[in-house]
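J.: For this one, chain A is given, so just place chain B on it according to the hints.
Listed below, chain by chain, are the residues.
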Amino acid sequence: MKAAPRRNRTASGPTPSRAATDAGLARLLELAMRNSVEKVSAMLQIPILIDGATVTPAAAGLLELPAAASCVAVLLGIRGETGGNLLMSLTQAGASELCEMAPPEFKEFMPDPQECLRALLEEMANLLASTYLDVFSEVCSLRLLPTPPSFLAAPSAEVSDAFFAPLSGSSPTSGARLLCSHLVLRAPQVRMLVAAALPGDAVRRISEGARRCMPELFLT
Amino acid sequence: MSTPQSLGRTAATGRKTTVLVVDDAIYSRVALRRILETEADFEVIAEAENGVEAVKKYKLYRPDVVLMDIVMPEQDGIEALRELVSFDPECRVIMCSAIGQEKMLTTAISLGAKDYILKPPVADKIISSIRMVVSAGMD
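Taken in sequence, the protein lines are chains A and B. Residues in the first sequence are numbered from 1 upward in steps of one, following our numbering. Residues in the second sequence are numbered from 1 upward in steps of one, following our numbering.
If you are wondering where the hints come from, they were derived from the structure by calculation, not from laboratory data. Keep in mind that the hints are not guaranteed to be accurate.
Only pairs whose alpha carbons sit at most 25 Å apart, straight line, appear in this in silico DMTMM-like list of lysine to aspartate or glutamate [claimed, not checked]:
1. B:Lys125 <-> A:Glu38
2. B:Lys103 <-> A:Glu81
3. B:Lys114 <-> B:Glu49
4. B:Lys125 <-> A:Glu105
5. B:Lys114 <-> B:Glu79
Just chain A, with the same shape it has in the complex (with noise of 0.2 Å):
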């Protein structure tokens, strides 16, 4: 077998499998989850469970989207050094059971529910969205930041367009990846999904800086 070509070598060492740059950044999104779920939970006065992180390639069937035929959904564009989405997103009833636990004195502010229910869930968002890619930003050395939150009540279909977007016209090999993972909010009982869309060049340049900066994300 011939050696790789020298520019496909990192300062770590040769190009790593497909294989294990995926549980790499599994393992870097796990730290990420971890670090933003103590931000939302203290926000929230809630414990919040992480239940798995996954690294798949970016196919729109794998997003695990609520059945139902319109979820509730907040969207974030990742801008910065790198590009891509964030989501946070769950279902219409268990939206309305986590408003429930907004503070008395801002449904009092804010008495429509749907809009209390924007507000609650835009700032969780943002809270969520800005400690990720924060966790990202210092482990790659790479400069990360989300855009302002984009609230979308609408059927499935129409969220996963809206979240894929940036990757659209990107081919079945360019390297895109779908980072994946499941909170559920205790008391109430609400399960929500945390996704982000990375176009290849995004997953390249993260692994590589992580590689660098925290090989042993990466060994297997």
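T.: For chain B alone, coordinates are given in the frame of chain A:
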């Protein structure tokens, strides 16, 4: 709410410390207002939803302190900070953001922000930061 004409800059005269709250998220603005309203000597004099509005309201109300978010539509908090410092080099801006990246903090402080507080806002930190910034300005 006070009128712009009634406002001065000093907090040593016994009048309230006036604060402009800048954040695109209404949830944060309500949370910050609630924190500030627990202190009898603080007054939220105005709110803004983006950097452009923040600069306009600063010029109109001349608050003692600005609590400024970073990620906002139209104009972000860093650009607004740059404009405010250019307009009034003595302005007291405290950044209040969910972004905790070292580079962002360094940028904000180097541009003239007096402090940087991470969200979610904690009452004690917000209040002590405002008091610290106001008293430092009176030295």
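J.: All the hints need checking, so say for each whether the structure fits it.
T.: Here's how the hints hold up against the structure:
| no. | hint | in the structure |
| --- | --- | --- |
| 1 | B:Lys125 <-> A:Glu38 | holds, 18 Å |
| 2 | B:Lys103 <-> A:Glu81 | holds, 14 Å |
| 3 | B:Lys114 <-> B:Glu49 | holds, 21 Å |
| 4 | B:Lys125 <-> A:Glu105 | holds, 21 Å |
| 5 | B:Lys114 <-> B:Glu79 | holds, 15 Å |
Hint check: no violations occur; every hint is consistent with the structure.
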